[in-house]
Structures are given as structure tokens and as C-alpha cells.
Amino acid sequence: MSILIEKLIINYPYFFAVILLVIGALTVLTRSSLFKKLFGISIMESAVFIMFIAAGNIRGGTEPILNGHNTGAVYINPLPSALMLTGIVVSVSVNAFALALIMRLYKTYGTTDANRIAELRKEVADR
Amino acid sequence: MSSVTANLPVLVVIAPLFVAFILTTFARRIRLVEGLVIFIGILGFVGAGFLAANVFIKKTPMIYQVGGWPAPWGIELKAGNVSAFFLLVAAFVSVPVSLFSVNNLSDEVGGKERVTRFYVLYLLLCGAMAGMAVTNDLFNVFVLVEVATLSCCGLVSSRNRPRAAEAAFSYLIMATLGSTLILGGIGFIYIITGHLNMGFAHEGINKIWQSNPHVVWMAFSFILVGFGVKSALFPLHVWLPDAHSAAPSPASAILSGVAVKGYLICLLKILYNVFGCTLMREFVIHRILVLAGTVAIIAGSILALMQIELKRRLAFSTVAQVGYIIMGIGLMNTKGLSGTLFYLASHAVIKSVLFLSAGAMIAASGKKNINELAGIGRKMPITMAAFTIGSLGLTGIPLFSGFIGKWNLIVGSLELGNVIPAVVIVVGSVLCAAYLFPVIRVAYFEPVPEEDWKDPRLTQKIALISLALAVLILGIIPGPFLELAERAAVELLALK
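If you read the protein sequences in the order shown, they are chains A and W.
Take the first sequence: its letter number 27 is residue 31 in the working numbering, and every next letter is one higher.
Take the second sequence: its letter number 217 is residue 524 in the working numbering, and every next letter is one higher.
Next up, chain W with everything else stripped away, as it sits in the complex:
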């Protein structure tokens, strides 16, 4: 048992990748494939839970050296508090999403024989996300980012519509531009420090930045723009609405909920573990992040308000929510960072439940515009209840998970004596209510239509209910989870 525990950081990455390739061998037995995907999802969640418990109790990061080579020469996987936190979130969300897609995909991807391909890409994405959480090596970051990007593009294009192929192509071009820039930024760090391991690169860069400030600027700007494209930071978000609204619903949920967060976690790790706090303050990187986040919140919310399609509105809402997380990364204090991590987790859960319930409504009614969904709340009570809980959570009503993240972000920004982020967060919440509550109003308070719209089948209901419950549980008893986020924030700020 202890040997399994010691190998957990690598097992959570390898298991989904391994199963992804096994799946291709029984492509025709869809039941078996679906069972295996859910099984590996639950296994991954249990593994992530063990890992998080281990890190939480022992209070030291778990380090795994690939091939037994020690750090400067070999590749190192390091599961600290940040990694454990994100692993837990990604592993949790992936289970209901795969449960939702059981027996539901063949229409959207165009034929039963294509369902397996969807699951292969899905598991590759899960593996890449777990890898991004635990990796401590800069080149590994690039490789995993590419694995995630290609599987995301594959998931988008798996929908059997011309629009999906188009969205996937523009996503692929933008994302590859982003990963090229990331590789360039990693190259600059490697050239001036000679290390790819984050810890050693951090030491190297601290010795050298005063004599080579320009290279540090280049590295920082390449990495920020690269990850900005990947995670749809506001002016670089153009690919996201098309890609996330054209993808099949479970894919939209995992892309908006988890994939975007994986890139943000990588950015967070590179900024704090490689550049470090001193350098971020010296190069006013934190101010840039707060500014970018502020702009993204306002602009993303206004763009979301202007959409009439439900899935596009949710996609633009993701652009706004990424703003909160980027802003929180720039606050650089314990409250702000724990708030941003908690918000990241709560948004992962909330956006998944919103996209899944929207997908269920669109599949049942065949309508995709918001005003055409009049009265759907009476016909599909469970789906719409899940959507309502998600909306309340995203808006940040107390007792729902979004509130705790936003509260900590506001406290964090006030601790800095900076009122503007706090005001923007409140304004963003009001705008969020403005673009999500009309959906609820239309669904519940408009005349009930004649059509025979029904709640989806049992597995999908279970998926929706479990995600909605998670929103409530995170909001009412955030205790240990918030504690993990706070420890992660302390861990990030400890590196000077």
C-alpha cells in the first residue's frame, strides 16, 4: 500500500493515458468503453483524494523522480498543496461529465463507432490535466499543454457539424500560436538559467535577473501571452466562444470547466515557482495581471450579455470568470490566492453543471436560443433546478460556492488597499446576474409550452444532481477545502 501511495503522483497521470490507448482496441463495445471510462474516472478521484489527504496530513509535498534520477538531471513530479487541490477538482468534475455522456453521444458525434474516439480524447485530456497539476518540469509543461490542446481540438471537432470543424481549426491555430510562445518563453528561461526543473530554474533566475532584465521580460511576456491565449484571457479569447459552443455538451463542460483551469494552474505555477514573488513585484507583473483580470471581467460579462444563444452566453461567461482567476493570481496575498484557487474550483463545478444542463435542455427541445426555451423549467424540473443552482453559484449568492471565492478575493484586494478590484468583482457579479437570471425567468415564469420536453435519463440526472450538490456543499461547508486552498496560497507565497 505504501508503495502505491509513493507512486500516486505518477499513477494519476499514467492511468488515464494508459486506458485511453486500451480503449481503441475494443472500439465497437461501447458499453464496456463507457464502463471503463467511468471506472477510471472514479479510480482517479479516489487516487486524487488519497494524494490530497496525504499532502494535507503530512504537510510536505510528495515528490516522485521519474526513472529514479534525482532532480537536476531527471524529471521530477511534485504534488504539493496546489497540485493536490487542482487534481481533486479535475478528477471530481470528470466523473459526472463522463456519467452524463453515457449512452448520449452517438447523435452528437455522428454515429456509434465514433463514440469511442470521443472517450479516447477525453481520457487523454484528463491525463494531461493531472499531469499539469503535478509536473515540476518546464518542458513537461509544454508537452502536457500540447497533449491537452490537441485533445481539446479533437473534442471540439468530434461534433458532426461543419461549424465544429471550423471552430476546431481556429482553436487549433490560436492554441498552437499560444504553445509556440510558451515554448519560446520556456526557452528563454532555460537559456539564462540552464535548468528546466522549476525549483532550480527559480534559483538560477533569482541570481541572474539583475544583469539580464530584458530576457526575463521576454520570458514573462511570452509565457503570459501564450497561456493567455490558451486560457482565453480577454483580448485573446476570440477562439473560445465558437469552440466551446460548437463542441458536444459533455466536451463543452470539460473544456470550460477543467481544461481552461489547467492552463491557469500552469501559469500560476510558472509565475510563483519559477519567477517567484520578488521578481513579480520587481517587474510589476502582479499589476499587469490585476489589470488584465479587471478588463476581462467587465468585457467578458458585457459580451455575454449580448449573446442570444444559451451555450454562447455560457462560453462568454467563462471569459469573464477567467478574469477573476487572473486577477486573484495578481493579488499576491494569502486571502487573494486562496480565493482565486477556491473560485477556480467552484467555477469548474459550476460551469460544468451549467453546460451539462444547457446541453440537456437543448437536446430535449431542439432550441438553442434563450427566448425559445420559455417554460422549460416546468417540463424539465431537475435539469432547470441544477441550472438555477449553478447560476446562483456563479453570481456569488451566499451559501453557494462562488460566494466564498469572491468574498476572499474582495478581502484580498482590500488588504492591499486597492478598492478597484473589489468594486469590479461586485460589478461583475451584478452583470453575471444580468446575463444568467433572464434564462431562469424565461424558464420558470413564461407560459408552459405544449411540446413534450422531458428530463434526461437517470444517469444524466445523477450527474446533474451530484454537480449541483457539490456547488451547495462547497458553499455551505467549505472548511477542509478552503483550508487546502489557504495552505496552497501559503506554499506559493513562501518562495521568494
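Just chain A, same shape as in the assembly:
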């Protein structure tokens, strides 16, 4: 048991990533507000980003730049951070597109609640 706790403490970024992933997934699945669904997605994506970046980090490592000063030092792995930069760009574009869709839905239905929209859809004739 104590080994488990020790491992959790050492690997705390992964632990946080799992918690964030679960929070995000629950928010997406249980909340009916469209905004909260979007927040849930963002939280889930952040969880995966944290996992990647934690995987690239080495404790006590320096930035991987060859400038003559830090030769022989331990470098952190820059690749996961670079990949997650792309991931963040993707996530931002998803958010922008989702917000545009929410705007369009709000103009049509006057609400941003998924359950309310489902009720209203029966009233608004689908032409």
C-alpha cells in the first residue's frame, strides 16, 4: 500500500491527468449546457496535454539548447512539448468552431441548453 502511495506521489502529473480526464468526460456526458460540454472537452484535452508533457520531462533536466554552457547536462525531451503545441492549436480551433455553432443555435432557439433545444425542436418546424 505504501509503495502505491509513493508511486502516486512520484508520478503526480499522471495522477492529475487521470483526474482531469475523468472530470472532463463526466462534464461532457452529464451537463446539458452546451458551454459546459465545451468546457468538459477542453478539460479532457488539457489532461492529455499534461500527460504528454509529463512524459517528456526529466527531473533536473535543462532546456535542450546547445549553447556551450550546459554541455553534459541532462536535457528534457522537447518533442512532447512541441507536439502539444500542435495539440493546443487544434483544441483552440475546435473551441472556436464550437462557439460559432453555439451562437447559431442560440440565434435559432434562444437558449444554450441541450435539453431545452431538444424540446423546442419539436415546436420549430424543420423545413
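Note that these hints are calculated values from the structure, not bench results.
Yeah, the Cβ is synthetic: ideal placement off N, Cα and C, and Gly gets one too.
Some clues are possibly wrong.
As the list claims (entries may be wrong) - List time: in silico DSSO-like cross-link candidates among lysine-lysine, alpha-carbon distance up to 27 Å:
#, chain 1, residue 1, chain 2, residue 2
1, W, K366, W, K686
2, W, K514, A, K11
3, W, K419, A, K111
What the hints assert, rightly or not - What follows is a set of in silico ranges between Cβ atoms, one per label pair, in the way DEER data are often shown:
#, chain 1, residue 1, chain 2, residue 2, range
4, W, Q517, A, V78, 27 to 33 Å
5, A, I23, W, P542, 23 to 29 Å
6, A, T66, W, T367, 40 to 46 Å
Fit chain W to the given chain A structure using the hints.
Chain W only, in chain A's frame:
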């Protein structure tokens, strides 16, 4: 010429993406935009044909190193038999679909100035599909999956109806959930192997799986659920019927026909090229796939039977057909895999012709329920003939393309000594006939209505006829195409 051939794997990806951005600069000249889209579609098909011929004759995959950096450090594009096969399918289907949408979209997307946006998203989707076919890098898979997802959502929401925006939003949420899981799965593979290149990740994972089986389980389950959401595997299909029936008809055709298959090809490549056959058998991944496929076939077919709207019925039918492909991926022998690839190709063509002809009928009559389309076969003979050929093909009648795929799948499952998939395939075909033949019966054998419904204009007729002919040609002379599928299956199974 030889330098062009050597660069083909990257050209087929870059050309549509490049043209997509050029299109935005002359948004108002729709004729020019449409001409350019069809031109790039034909160019892409020719390119894919050259690439496939090259791979087929030389029998070695074409490898392109982006920026000239060799594999473990740089990004690698690899066009083997699987890639060439899917490229050919995607490039072929995209030409008639864009031909069908010529001069036809402004009503559905709400105004002429919005037509160009549709084409921009369409070309982005084509580029992403080509990229998914040739990429050999796991992070590239994620990026291309996201490009495809966002352009799919854009295509769905491009229809000028509130229902389309709603469907697009739920699609976006579900699909982003899926791609987050895919990224997580790729992350697990990267963490334990240190590689993103599929070949190196495969070597790494083979060395490490015995000591870290849990991480492999996590990676596999994240990737399966992620791609399952994207490709509408049965319990995760909830977004598909709304999205595919709310989209404009050409978009429904390309989404149901090609986009879903792109994700399936990615799943196939990750399962066979990264995890490999030994690992799939060790972790009973193949059994899970066969089970998931079986459930999807039955459930999707029954759900399709219950629909009264034509486009929704076709959309649910896609859920069932994805089941066949997933099942075939899990069969893990040459017959089963070549059957699944051939079925994937034939479904891409068939579902496109079904959605396009359904779209033409709905546009001409203004009716979207099946029983309201009574007698339409007499008024719109060419459209309904194309629909009939598509239905016969999907059901798997001999001499139509679906039959050869299903036959190989059945032979593949019997080779394993497993009767259940074979029985389910037959039952699925019967159910398929049960939900598609009533449309044909209503269209031909009900009294002809008074209304003035007409076949669509010439370009659309050409699109429908060429797709219907492709269904027949694939069914009657499958020779070289089936050979390519078999080589692809051998290539996939060669990696241990």
C-alpha cells in the same frame, strides 16, 4: 517524370490542401471554383492511379521522407498496398461527388456566396483522407484526424437549417472526445516506446509489452474507443444518423462513403502496423473486434429498419456496414482482410450513389419519407436505377460489388472455423434487403403521382451513372482490384 513519381505520396496530400486555400481568394466566381475542384479531383484520381500502379508493379512500398530527414527523426509517408488501395477509392469517389454538387448547392447551403466555403471544407477533407492513407507517423494520424473531423463538422453545419447546426455540434463534441482519446492512446504508445513512427513503435512495443501489459491495454482501449466514436462503431454511433442525414446530400455521400472509412483505415494501420499480429492475438484484440462488428451489424440493421426517413435509413445502414469492416479487421487472415478492404471500397462507392440519388429524389420531390416517394421510379428513371443498383450491391447480390466483399468475409471466417460471423453476415444481408427493397418497391410498384418530378440535370446524371457503373464493374470484373486488396492483406499480416 520520375521525380514527380517519387514525390507522389506527398503530392496527393498537399495538392487538395493547397487548392483549398487558393479557392478562398476567388470566392465569388463559383464556376471557376467548381471547375477547379473537379480538376483537382481528377488530378488526384490520376495521381492515385499512378501511385497504385507503381506500388502494384514494383511490389515495394513508396517511402517519402518529409524534409529529407530519415525515419526515426523525420516524418515518413509510406504508400504501401493498403495506402494505395484506400487512396484510389477516396480519390475515385470524390470526383463524382463534386460533379454532382456542381450548380446544385446554393439552395442547400443558403446562398451562392456560401458555396465556396463548402468546397474549401470538401477539399480539406479530401486532403486529410489522402493523408490518412499514406501517413506512417502516429502524431500525423492525430493531426489529420482532426483536420478531417473539423471539415466534416463544417460540411454538416454548412446546410442552412437549425437541425444541421445541432447535429454538427453533437458531432463535434463526440468527435473531439474521440480524438482526445486517440491522442491519449498515441501518448501511451509514445511513452513506452519513445517513437512516433509506426515501424519503430512496432519494434519498441514488441520488446516491451510483456513487462508493461497494462499500458498496452490502455493504449489499445483508448485507440479503439477513439476510432470507434469517429467511425460510428455501434454503441458509439449516436452522432452519425443526425449528422449524415442533416448534411447537404453531396456532403452526406462523402461523409458516409469516404470519411468514415478514413478513420477505419487509420485504425487498421495502427492495429496491424503498430501493435502487430502477435500482440493482437495475445491481447485477444481480434475477438473483441469480431464481437463488436457482429453486434454492430445486427443492431445497425434493425435500427435502419425502424426509420421512416430515407436519408436516416441510409445513415443507420452505414452503422451496420461499419460492423462488417470492423469484423473483417478482427478475422486476421488473408481472405478476411482482403474481403474487408474490398467491402470498404464497395461500400464507399455504393453509399455515395445511394446518398446522391436519395438527395436528388428528395430535392426533386420535396419529400423525405420513404412512403411519400411512391411511384418516383417512373418519373426519375435514371436516379432510381442508380439507387436500385446501389441497393442490390449493398445487399450483396452476385454480380454486384458487395457480394465479393461479403463472400471473402464469409470464407475468411469459415477458415477460422468460426461459424457465427458467417451466419451474421448472411442475416445482415437479409436485413439489408428488408430495409432497402421497400424503397424500390414503393418507387416502382405504387401508382405514379401527378407531380412533375424530373431526373436531375446532366452533370448529376453523369455522376450517378459513373458511380453505379463502378458498382457493376467492381462486381463483375474485380480482378486487379481484388488482387491489390489481397496484397494489402498479405502486407498487413506480414508484420508479426
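Each hint tested on the structure:
no., hint, in the structure
1, W:K366 with W:K686, "violated (49 Å)"
2, W:K514 with A:K11, "holds (24 Å)"
3, W:K419 with A:K111, "holds (22 Å)"
4, W:Q517 with A:V78: 27 to 33 Å, "holds (29 Å)"
5, A:I23 with W:P542: 23 to 29 Å, "holds (25 Å)"
6, A:T66 with W:T367: 40 to 46 Å, "holds (43 Å)"
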